[in-house]
Amino acid sequence: MMKKLSVLFSAVCVAAGIAATPATAQTKPILIGVPTSMQLQVGRDTQDAIKMAVDDINAKGGVLGRKLEMVVADETENPETGISAIKKLTADEKVDVLIGGYTSGVTLAQLPHISRAKTIYLGVGAASPSITAKVKQDYDDYKYIFRVGPLNSAIQAGQLTDFISNFVKGELGISKIAIVGENAKWVQDLVPLLKKGATAAGADVRVTEMFDAQTSDFSPLFSKVKDSGAQYMVVILSHASSDVFAKQWYDARFPMPYGGIDVKSMDGDFCKRIGGKSIGELAVNFATRAPLTPKTIPFWDEFVKRTSRQPVYTAFGANDAVYIYAQAVERAKTTNADAVIKELEKTNYVGIPGIIQFDATHDVKPGSATYKGPALIFAQWRENCDREVIYPKTMRTAEFVYPPWIKK
Amino acid sequence: MLEILIHGAVSSAIYAMLAVGFTLIFGVARVLNLAHGSFYALGAYGAYYFTSHLHMPLLPAALLAIGLVALFGVFVEKVLVRPMRRSQLAVLMITLAVALVVEQALFLTFGSEYRNVPEFVSRKFTIGGVDVGGQRLLALGVSVVLIGLLWLFIQRTRLGSAILAVSQDPEAASYMGIPSDRIFSIVMALSAALAAAAGVLAGPFLTVQPTMWLLPIVKAFAIVIVGGLGSIPGSILAALMLGYAETIVGYTISTSWTEIVSVAATLLMLVFRPAGMFGKRAAF
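Same order as they appear, the protein sequences are chains A and B. The first sequence: position 406 = 406 (the numbering used here), numbered continuously. The second sequence: position 100 = 100 (the numbering used here), numbered continuously.
Everything labelled a hint here was simulated from the structure, so no lab data went into it. The C-beta atom is built at its ideal place from N, Cα and C for all residues, glycine as well. It is possible that part of the hints are untrue.
Mimicking SDA-like on lysine to any residue, the simulated pairs with C-alpha atoms at most 25 Å apart in a straight line are [stated by the list, open to error]:
#1 LYS272(A) <-> ARG123(B)
#2 LYS176(A) <-> ASP131(B)
#3 LYS226(A) <-> ILE6(B)
#4 LYS195(A) <-> THR252(B)
#5 LYS124(B) <-> LYS195(A)
#6 LYS272(A) <-> TYR49(B)
#7 LYS136(A) <-> ALA154(A)
Per label pair, the in silico range of CB-to-CB distance [stated by the list, open to error]:
#8 VAL271(B) <-> ASP359(A): 52 to 58 Å
#9 THR211(B) <-> GLU383(A): 29 to 35 Å
#10 PHE107(B) <-> ASN384(A): 29 to 35 Å
Extracted from the complex, chain A is given alone in its bound form:
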């Protein structure tokens, strides 16, 4: 009798086990792989912003009844480590989607591995146009790649040209400019476009100087710029030591203002950590605490509340990317990559820096006078290391102020 009972019990268990299998599959979490430079603020913000979105979505019941879960891998700024991070996330962790990236060189090296793993990748950090150009060249292999942010460097060059033409020339009345950039892939792509655009807009580009990202003494460079007769210095910096640049600019009380793309100057603590020496610098941001969309200020405040620091650009893209992916999965009713890609291509999402839509190369569409997509916002560091939006004019929160040692 006992034996019969135990057999029956086992059978019930097995049956229950079989029956339970599909149920657990249903509740198995959707895994978000996050390849990023964990040691940098861009990387920490990527993780925190994803965590915010994941917690919010899970609190509302998840996606298709499944919870979201985040797995992080450090891609550093080194392509080799970047490739290992992708392999770890796709082969070992078997994630459903990848959200991350920072250095264009690393992302470009990762692309073939992402494509081989047939895993959707939503880029939130790298700006090289070559990344999404792959989607156009070979759609079947690279359709997995999307860029939620930032705007690619060719578009940034266009908007920077508008800034030179409308603001530096139009408002400050300065036409003699110098272009100074670091020797990096995306800057080499951008500088010729910028020079051409600025010249076409009527600016007189007195000198174009590229320097090594390792440069620690900018005095010779400053001297050249000064001798060229330029009156405004346009910079393009991301991996170089923006900190040292700003410090030496201030220490020498360099007699002209500077502004442009300066990725480290997007950090909320940039000004404070260099002892306020960037006060007067005008630097590009992809979002700022202003009502760009109904989501911008609530996100900004929540992020500051949770992390006690101001978000940088990767945070906006990372947070938006989770919702964009979640909504695409809801619409596709599956996490199958091909089906989700079809839905992602139809994305029309009100994000933090603007409306997010993808073009034919899966790159985020830039904003314009008639379309509220993401655009470059030029903010100036002011007294007490606060930031004020100066350009575009429609979003201006304060008038431009010259650094105190420059008489105008």
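Position chain B relative to chain A; hints supplied.
Below, chain B without anything else, positioned relative to chain A:
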């Protein structure tokens, strides 16, 4: 022209502070110390930590950082280098290991972001129409004073004579009753303190982040090879040459070409005069 003269002097001064310590420990103890750049980094990070986290005033913070780095130098020499001193290769490996451990420790403690060391002088000076940050002039002045003091110490004091004696012939010196092991520790402390002082002085206008040890060690290496390993006058002269050569290249050609100067100088010197300008024999 005046710009080159002033900025070249500042670069040369920082290089000289790094190279003199590096060549001193080699000249006296035959230790090729690859962790020398780490002393520079620790000096800068020390000043940063004591001022921004412990809110100490700058001068005590800087002195404390330099003192602690000197102690760390003694620790490295006594505990890690001394047991292996018979093998040049083992010394190279252990000092490289120290450099990497320090880099990782800084990385884990402070992250990879750039840090700010406050400056002693924040105002700008205009010399003959050239704008120079006050901190740079201070670095130049302090460097000249420190190297001058070191020179006097070695030439004029009993301890200095003992250091000279050990550098000439450690065995004969020990027969004369000079405790060479203690001399090595003292020299290591001096060498580390000079590098840390360079870090504290240059930190406010240069980079402070975990990999900052690498460039100074490359420069110090180039300088002592050009000047002659173990020769203090040689390294001062070579520091001047390198500082000015880099500044001239930066001003006349492009800043992206400055870094190649030191490497090219090292290579040419090793090919044509391996002993360096003032060296008595080839170092390798």
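task = Return holds or violated for the Cβ distance of PHE107(B) and ASN384(A) against the range 29 to 35 Å.
result = 31 Å Cβ-Cβ, so the 29 to 35 Å window holds.
message = Please verify whether LYS176(A) and ASP131(B) have alpha carbons no more than 25 Å apart.
response = holds, 22 Å
Outcome of range test on Cβ distance (THR211(B), GLU383(A); 29 to 35 Å) = Given range 29 to 35 Å: holds, Cβ gap about 33 Å.
message = Run the distance test for LYS226(A) versus ILE6(B): straight-line Cα separation, threshold 25 Å.
response = Holds: LYS226(A) and ILE6(B) sit about 17 Å apart, inside 25 Å.
inquiry  = What's the verdict on LYS272(A) and TYR49(B), does the C-alpha distance respect the 25 Å limit or exceed it?
reply    = holds, 15 Å
task = Could you grab the alpha-carbon distance between LYS124(B) and LYS195(A) and see if it respects the 25 Å cut-off?
result = violated, 32 Å
ask   = Quick one, are LYS195(A) and THR252(B) close enough, alpha carbons at most 25 Å?
value = holds, 23 Å
task = Would you check the hint for LYS136(A) and ALA154(A), treating anything up to 25 Å between C-alpha atoms as holding?
result = Holds: LYS136(A) and ALA154(A) sit about 16 Å apart, inside 25 Å.
message = Just to be careful, I want the Cα atoms of LYS272(A) and ARG123(B) compared with a cutoff of 25 Å; is the pair within it?
response = holds, 18 Å
query = If you check the beta carbons of VAL271(B) and ASP359(A), does the distance land in 52 to 58 Å?
reply = holds, 56 Å
In this structure, only the earlier hint numbered 5 is contradicted, and the remaining ones agree with it.
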